[in-house]
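Trainee: All chains, full assembly: derive it from the sequences and hints.
Those protein sequences? They're chains L and E, same order as listed.
Heads up: the first sequence at position 25 corresponds to 25 in my numbering, and the numbers run straight through without jumps.
Heads up: the second sequence at position 89 corresponds to 89 in my numbering, and the numbers run straight through without jumps.
The set of hints was computed from the structure by calculation and includes no laboratory data.
Glycine residues also receive a C-beta, built at the ideal position from the N, C-alpha and C atoms.
Treat the hints with caution; some may be incorrect.
As the list claims (entries may be wrong) - Listed next, the in silico SDA-like pairs over lysine to any residue satisfying Cα-Cα at most 20 Å (straight line):
id : chain 1 : residue 1 : chain 2 : residue 2
1  : E       : Lys78     : L       : Gln139
2  : E       : Lys105    : L       : Pro236
3  : E       : Lys36     : L       : Gly66
4  : L       : Lys202    : E       : Val57
5  : E       : Lys30     : L       : Ala105
6  : L       : Lys202    : E       : Lys36
7  : L       : Lys202    : E       : Ala81
8  : E       : Lys78     : L       : Lys3
9  : L       : Lys233    : E       : Lys30
10 : E       : Lys93     : E       : Leu104
11 : E       : Lys78     : L       : Gln198
12 : E       : Lys78     : L       : Ser133
13 : L       : Lys199    : E       : Gln103
14 : E       : Lys78     : L       : Ala105
15 : L       : Lys233    : E       : Lys93
16 : L       : Lys3      : L       : Gly66
17 : E       : Lys30     : L       : Ser133
18 : L       : Lys124    : L       : Gly66
19 : L       : Lys202    : E       : Arg99
20 : E       : Lys33     : L       : Glu237
21 : E       : Lys33     : L       : Gln129
22 : E       : Lys33     : L       : Pro314
23 : L       : Lys277    : E       : Gln103
Stated by the list, open to error - So the derived label-pair ranges between C-beta atoms look like this:
id : chain 1 : residue 1 : chain 2 : residue 2 : range
24 : E       : Asp39     : L       : Thr18     : 16 to 26 Å
25 : E       : Val47     : L       : Gln180    : 40 to 50 Å
26 : L       : Ala2      : E       : Val50     : 35 to 45 Å
27 : E       : Leu104    : L       : Pro57     : 52 to 62 Å
28 : L       : Met170    : E       : Lys36     : 44 to 54 Å
29 : E       : His56     : L       : Pro162    : 51 to 61 Å
30 : E       : Ser48     : L       : Lys13     : 18 to 28 Å
31 : L       : Arg59     : E       : Arg59     : 27 to 37 Å
32 : E       : Val47     : L       : Ala128    : 38 to 48 Å
33 : E       : Val50     : L       : Ala28     : 30 to 40 Å
34 : E       : Glu87     : L       : Pro125    : 31 to 41 Å
35 : E       : Ser48     : L       : Asp11     : 40 to 50 Å
36 : E       : Glu87     : L       : Ser93     : 26 to 36 Å
Below are the chains, spelled out letter by letter.
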Amino acid sequence: MAKEYALRMGDGKRVHLTKEQIYEDVMAGSEDAADLADVPVLDSNDVDEIVEILMIPGRMVGVESGREVPVTHDIGTLRIDGDQGNSGVGIPSSRLIGMMMHERAFGADSMELGHIDYSFKPVKPVIAQEMQSMEVVQQNMIVPVVYGAMPNMGLYYRPDGPFDNPGDLMKAFKIKEAQQATEDAADHLTRDMVWIMQKMMKSGSDGVNFDTCGAAGDGDLYGTLRAVEALRKEFPEMYIETGMAGEMVLGLHGEIAYDGQVLAGLWPHQQAKLMAKAGSNIYGPAINTNTAQTSAWNLGRAVTFVKAAVEESPIPIHVNMGMGVGGIPMFETPTIDAVSHASKAMVEVAGVDGI
Amino acid sequence: MGMPIAHLMTSGMSGIRAGGDLVMRMQFAKSLKIAKAKDYVAKRLGVSPVDLSDEHVMRDIREELGLGVITSMAGAPKGIAAKMNIEKALDIKINCCERFRRQLKD
Numbered sequence: 001m002a003k004e005y006a007l008r009m010g011d012g013k014r015v016h017l018t019k020e021q022i023y024e025d026v027m028a029g030s031e032d033a034a035d036l037a038d039v040p041v042l043d044s045n046d047v048d049e050i051v052e053i054l055m056i057p058g059r060m061v062g063v064e065s066g067r068e069v070p071v072t073h074d075i076g077t078l079r080i081d082g083d084q085g086n087s088g089v090g091i092p093s094s095r096l097i098g099m100m101m102h103e104r105a106f107g108a109d110s111m112e113l114g115h116i117d118y119s120f121k122p123v124k125p126v127i128a129q130e131m132q133s134m135e136v137v138q139q140n141m142i143v144p145v146v147y148g149a150m151p152n153m154g155l156y157y158r159p160d161g162p163f164d165n166p167g168d169l170m171k172a173f174k175i176k177e178a179q180q181a182t183e184d185a186a187d188h189l190t191r192d193m194v195w196i197m198q199k200m201m202k203s204g205s206d207g208v209n210f211d212t213c214g215a216a217g218d219g220d221l222y223g224t225l226r227a228v229e230a231l232r233k234e235f236p237e238m239y240i241e242t243g244m245a246g247e248m249v250l251g252l253h254g255e256i257a258y259d260g261q262v263l264a265g266l267w268p269h270q271q272a273k274l275m276a277k278a279g280s281n282i283y284g285p286a287i288n289t290n291t292a293q294t295s296a297w298n299l300g301r302a303v304t305f306v307k308a309a310v311e312e313s314p315i316p317i318h319v320n321m322g323m324g325v326g327g328i329p330m331f332e333t334p335t336i337d338a339v340s341h342a343s344k345a346m347v348e349v350a351g352v353d354g355i
Numbered sequence: 001m002g003m004p005i006a007h008l009m010t011s012g013m014s015g016i017r018a019g020g021d022l023v024m025r026m027q028f029a030k031s032l033k034i035a036k037a038k039d040y041v042a043k044r045l046g047v048s049p050v051d052l053s054d055e056h057v058m059r060d061i062r063e064e065l066g067l068g069v070i071t072s073m074a075g076a077p078k079g080i081a082a083k084m085n086i087e088k089a090l091d092i093k094i095n096c097c098e099r100f101r102r103q104l105k106d
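Mentor: Set out below in structure tokens:
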């Protein structure tokens, strides 16, 4: 009987595969990504390397000495005192204490301050509190600290916001009206994000992390790119990171364009160039995990997308590798073996500049 | 918490335990990819790129240059004081340090 290795399914459940099965799954995942995004399939050396990493029996693996990369965090502060909605562990503490724990206890390379809701819009009524928090944080922290939040343009549609919901309009075949509502919401989103970050920069922030860009579709990404452009113009030295919500930009508007480029349907290697053009310093692709496939399939697929983005991006790539993206199982407490194997493969095979 | 810690242990640069925050700053400040960011910091500090993740090397350098260390040392530079020393070490400006200086009276 052929030797079997313990891997994970995309939902985190343990599964046992032979070396041949692992190889086939990595290849199949890579071919799926290559077919979707029109990027190269992983070559045999890359596939062999991923297979070897997945067969290492240790619960944790590590990158070769000298190949370490910085790690950025989204929502990092809230993991300590936050609730389950933020993957928090509910330890009563301030956000500053959470950040200092990450810096001085966990060895984090950077951190961010974020509102408990973690969207930009709810920050507006409490902006003075956030400014005060940022000042205190900057007085105490040493690692780079940016302000982090999600554009989350869905909050600008009724019943939560002032604009008609494009989904409802499209159901009534009001396509032009739906597109106009998206454009209006994107304008409002840009104004809000720029205003909030002007305040945070006055409070000493190192910059901003726009997290889960495009979650509400192409209009969401459009509003964010325009905010990046405006902030870069006003603050040339500002640190700007833009991370995606998913692997492809959803075309809920369908025709909205930034700098002449229609956003709907863009894949990570195309997104990277637009992020750089707008003025981002770091881009974070997010590759979705398929829970019905193995970690070998998901990792082969994610590495293929990300390797192409790394090769075409003019700015550093910090790949998103949280729960359910970047080859990590879609599970709130992803297993250490799955995280560690995927982390090593992303650095050593995809060649990312950070995580 | 297990997920970020697993990443930090597998691939991270250990933050202020070593030189991860310094490489991170150069990626942010100048959009440098990983090899160039490490080269820049290594040259500024007079070490090799591999040393930037080596706690044994970086602990002495951080103490000597006042870049902030992970253990709590009474009287050692922390917070903005450490970041002002990082500005000098890396030849960059840091927003909060600039704003701190503007608030000082002659």
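Trainee: If you test the structure against every hint from before, which numbers come out violated?
Mentor: 2, 4, 5, 6, 8, 11, 16, 17, 18, 21, 23, 24, 25 and 30
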